[in-house]
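The primary structure of each chain is shown beneath.
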Amino acid sequence: MLGLLPPGLILIVGALLLPLVPRAARGWAFLVPPALALWHLSGLAEGDRATWAFATYELVPLHVDALALVFAWIFALMTLLTGVYALHVKDTGQQVSAMLYAGSGLGAVFAGDLFTLVFFWEVMAVTAAYLIWARHTEDSYAAAFRYLMVHIAGGALLIGGAVWHISETGSIAFTAFEGGPAAWLILGGFAVNAAVVPLHAWIADAYPRGTVTGSVFLSAYTTKTAVYTLTRGFPGWEILLWAGGLMAIFGVVYAIFVNDIRRVLAYHIVSQVGFMVAGVGVGTAMAIDGVASHAYNNILYKGLLFMATGAVLHATGRSRMTELGGLIRGLPGVFWIYMVAALSISSAPFLAGFVSKPLTIAAIEYAELPALVLLLHLASVGTFLSVGLKLPYFTWFGDAPREPVELRPIPWNMYVAMVIGAGLNILLGVWPELLLGILPAGGSGFEPYEVKNLKKALQLLLFTAAVFFVIVAYLKPKPKIQLDTDWFYRRAAPLAWRWTVVPVEAVFRWVDDASWKLASHAARLGIDPVERLIALKGERPASNFAPGQTASTTFRVSTTTMMVFLFIAVLAAFAAFFLSG
Amino acid sequence: MKLTPLRILFGLALLGSLALEFLYEPTPPLEVWDYPFFFALTGVLGCLALAFLAKGILPPLLDRPEDYYDPPGEPDGEAES
Numbered sequence: 067m068l069g070l071l072p073p074g075l076i077l078i079v080g081a082l083l084l085p086l087v088p089r090a091a092r093g094w095a096f097l098v099p100p101a102l103a104l105w106h107l108s109g110l111a112e113g114d115r116a117t118w119a120f121a122t123y124e125l126v127p128l129h130v131d132a133l134a135l136v137f138a139w140i141f142a143l144m145t146l147l148t149g150v151y152a153l154h155v156k157d158t159g160q161q162v163s164a165m166l167y168a169g170s171g172l173g174a175v176f177a178g179d180l181f182t183l184v185f186f187w188e189v190m191a192v193t194a195a196y197l198i199w200a201r202h203t204e205d206s207y208a209a210a211f212r213y214l215m216v217h218i219a220g221g222a223l224l225i226g227g228a229v230w231h232i233s234e235t236g237s238i239a240f241t242a243f244e245g246g247p248a249a250w251l252i253l254g255g256f257a258v259n260a261a262v263v264p265l266h267a268w269i270a271d272a273y274p275r276g277t278v279t280g281s282v283f284l285s286a287y288t289t290k291t292a293v294y295t296l297t298r299g300f301p302g303w304e305i306l307l308w309a310g311g312l313m314a315i316f317g318v319v320y321a322i323f324v325n326d327i328r329r330v331l332a333y334h335i336v337s338q339v340g341f342m343v344a345g346v347g348v349g350t351a352m353a354i355d356g357v358a359s360h361a362y363n364n365i366l367y368k369g370l371l372f373m374a375t376g377a378v379l380h381a382t383g384r385s386r387m388t389e390l391g392g393l394i395r396g397l398p399g400v401f402w403i404y405m406v407a408a409l410s411i412s413s414a415p416f417l418a419g420f421v422s423k424p425l426t427i428a429a430i431e432y433a434e435l436p437a438l439v440l441l442l443h444l445a446s447v448g449t450f451l452s453v454g455l456k457l458p459y460f461t462w463f464g465d466a467p468r469e470p471v472e473l474r475p476i477p478w479n480m481y482v483a484m485v486i487g488a489g490l491n492i493l494l495g496v497w498p499e500l501l502l503g504i505l506p507a508g509g510s511g512f513e514p515y516e517v518k519n520l521k522k523a524l525q526l527l528l529f530t531a532a533v534f535f536v537i538v539a540y541l542k543p544k545p546k547i548q549l550d551t552d553w554f555y556r557r558a559a560p561l562a563w564r565w566t567v568v569p570v571e572a573v574f575r576w577v578d579d580a581s582w583k584l585a586s587h588a589a590r591l592g593i594d595p596v597e598r599l600i601a602l603k604g605e606r607p608a609s610n611f612a613p614g615q616t617a618s619t620t621f622r623v624s625t626t627t628m629m630v631f632l633f634i635a636v637l638a639a640f641a642a643f644f645l646s647g
Numbered sequence: 002m003k004l005t006p007l008r009i010l011f012g013l014a015l016l017g018s019l020a021l022e023f024l025y026e027p028t029p030p031l032e033v034w035d036y037p038f039f040f041a042l043t044g045v046l047g048c049l050a051l052a053f054l055a056k057g058i059l060p061p062l063l064d065r066p067e068d069y070y071d072p073p074g075e076p077d078g079e080a081e082s
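Going down the list, the protein sequences come from chains A and B. Mapped onto my numbering, the consecutive letters of the first sequence carry residue numbers 67 to 647. Mapped onto my numbering, the consecutive letters of the second sequence carry residue numbers 2 to 82.
Don't read these hints as lab results, they were simulated from the structure. Only a predicted model underlies this, so the values are computations on that prediction, with no experimental measurement involved. A couple of the hints might just be wrong.
[Stated by the list, open to error] So the derived list for chain B, only partly shown, Cβ under 10 angstroms to chain A, looks like this: (1) Pro6; (2) Ile9; (3) Ala14; (4) Leu19; (5) Glu32; (6) Val33; (7) Asp35; (8) Phe39; (9) Leu51; (10) Phe53; (11) Leu59; (12) Pro66; (13) Asp68; (14) Tyr69.
By construction, the Cβ of each residue, glycine as well, lies at the ideal position given by its N, Cα and C atoms.
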């Protein structure tokens, strides 16, 4: 029925219609576009393609292949699931921007040309910023502005690279790049959205400051769209191998020592995306399968982690571990749901992560990169330590906070979404063929439930847990923030203000003052030139006027005098002009 | 340390994971991760190393007060989801 309509447009049109729906029904109406998009996706097949004429170019808003379909399925599914989670939200702005954001992510996935990609890329940046801004705190306003600035810079790199590429090749097609300055600029644009270190700081700055439901949306699309575009544009680029390895370690180290539970998860996105970026760097069919499956599962379990921590924030109004603790009695259901996601992201058997992360690492093993494999195993330890042990321990167990927490009830729809999310994590863990079967290379023959994979996972997780329970007091969080690369622009902003705006303002103020003084002197000179001339010589003109006589009484005389002077001056100027000509 | 059923179960799980070594024989050429108990050792040493890095080495360099960038804003969660 919908033919070759790009699925992203279903969400975008849905977003534009949402404000017309009565407020009470809008939450339910939000579920219609993603459900329709899922239905539409089931009718699309590899090789489907739609083209639209645009000036002298042919845009390709729909380019369907197996890789795009994997990302599209999970994007649409996550929009639906998060829609259930956000069913109670009545804020039209949030609902519309979330739908536009998801729609533009879906649009970018099917973009077959650079113009279409850039368009959806920019819409994503703006709508995502709104989801942070919509929390309506001073912190969130500032973080949304920084988010927008960073992504505008990333978008500028992408646009610059795209224009350069098009002028060089004459083609707007979005295919694998072979090198050159244009490709590097585009890579830079993608790297910003993928949170490649050191361009990653926006994620830990913005995601913890988003709304409860907004951050669930944010966790799904921006970085994963970037992973998708990197996979399509830069497979096998060696720099990505080591960028990915660095991200994997960097992210978990920060995740271990930050205090805010949603910041832990944000840093952990950097680490997980690192696995995917490293897989893109390998670029083999098996590695691409690993990247696609890991992105798919990551959206599921990271979304669920943000849902569970969002539920904690909703119930307690707090998100710092130092202000939480002992919640197991009040929020036991949220704890168990959180643990399903945390164990899944840690690659525990019978959960989704057990399939995708080992597949990615196996592809890197086959590519004979032992150092990178070791880095990723170390990052896996850090994953379980930060997200699977430390965060749940200090949130649900540990010491209760000094100020007792009064729990707000969690809406039923949030629980429903979380239970469905947990169920999907279990389903994909016990039935891995569901996901492996839709991968571009069909899973590359990977068998997750082999003894060696079980041995790896169980030893890594259980021995990490054993050490954690010995050193748990050492890992106690502190009420501090940690410096990151955003220091350079957050600290540079006041300095840049002091060095650029302040001097310019001072010059303007001086010129302004000087002009007023000059005008004032000129006016007084006009009123009584004799007085001013005497005043300039330092003598008082009192002898010319009676005591108490004001300057206004001499106005007529002085004006006449000035008019004569002015007339003579103008006459002299005209004479000089015509005589010289 | 008091032995509770949970701790006993956890200890048995640790031993069980080590016992899996005897059910799997890697095929040469062997990489470092193919050697017995590699992942148990990685779990122990990796956890200690990361904990020391994150809590021992980096905090003196990177920890700052919570209002380092801005004066404190509104408390978390004040605006509704």
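Inset, instruction - Please verify that hint: aspartate 68 of chain B, Cβ, nearest Cβ of chain A, below 10 angstroms or not. - result: This interface hint holds because 9 angstroms falls under the 10 angstroms limit.
Legend entry - Hinted contact isoleucine 9 of chain B with chain A - closest CB pair below 10 angstroms: Cβ of isoleucine 9 of chain B sits 14 angstroms from chain A, so the hint is violated.
Legend entry - Status of the proline 6 of chain B interface restraint (C-beta, 10 angstroms, chain A): Hint violated; proline 6 of chain B Cβ to chain A Cβ min 16 angstroms, cut 10 angstroms.
Inset, instruction - Against chain A, run the beta carbon of tyrosine 69 of chain B and see if the smallest gap drops under 10 angstroms. - result: Tyrosine 69 of chain B check passes; min Cβ-Cβ to chain A is 6 angstroms, inside 10 angstroms.
Legend entry - Restraint check, 10 angstroms cut-off on beta carbons, for leucine 59 of chain B near chain A: holds, 7 angstroms
Inset, instruction - Mind checking the CB of alanine 14 of chain B against every CB in chain A and telling me if the closest is under 10 angstroms? - result: With a minimum Cβ separation of about 6 angstroms from chain A (threshold 10 angstroms), the hint on alanine 14 of chain B holds.
Legend entry - Closest C-beta approach of proline 66 of chain B to chain A relative to 10 angstroms, hint status: Where the cut-off is 10 angstroms and the nearest Cβ of chain A is about 7 angstroms from proline 66 of chain B, the hint holds.
Inset, instruction - Against chain A, run the beta carbon of leucine 19 of chain B and see if the smallest gap drops under 10 angstroms. - result: holds, 7 angstroms
Legend entry - Closest C-beta approach of glutamate 32 of chain B to chain A relative to 10 angstroms, hint status: Hint holds; glutamate 32 of chain B Cβ to chain A Cβ min 6 angstroms, cut 10 angstroms.
Inset, instruction - May I ask you to test the interface hint for valine 33 of chain B with respect to chain A, counting a Cβ-Cβ separation under 10 angstroms as satisfied? - result: Holds. Min distance 7 angstroms.
Inset, instruction - Could you check if aspartate 35 of chain B really has its C-beta closer than 10 angstroms to a C-beta on chain A? - result: holds, 8 angstroms
Legend entry - Interface hint status, leucine 51 of chain B versus chain A (Cβ within 10 angstroms): Holds - the Cβ of leucine 51 of chain B comes within 10 angstroms of chain A, reaching about 5 angstroms at its closest.
This entry does not satisfy hints 1 and 2, going by the numbered hints stated previously.
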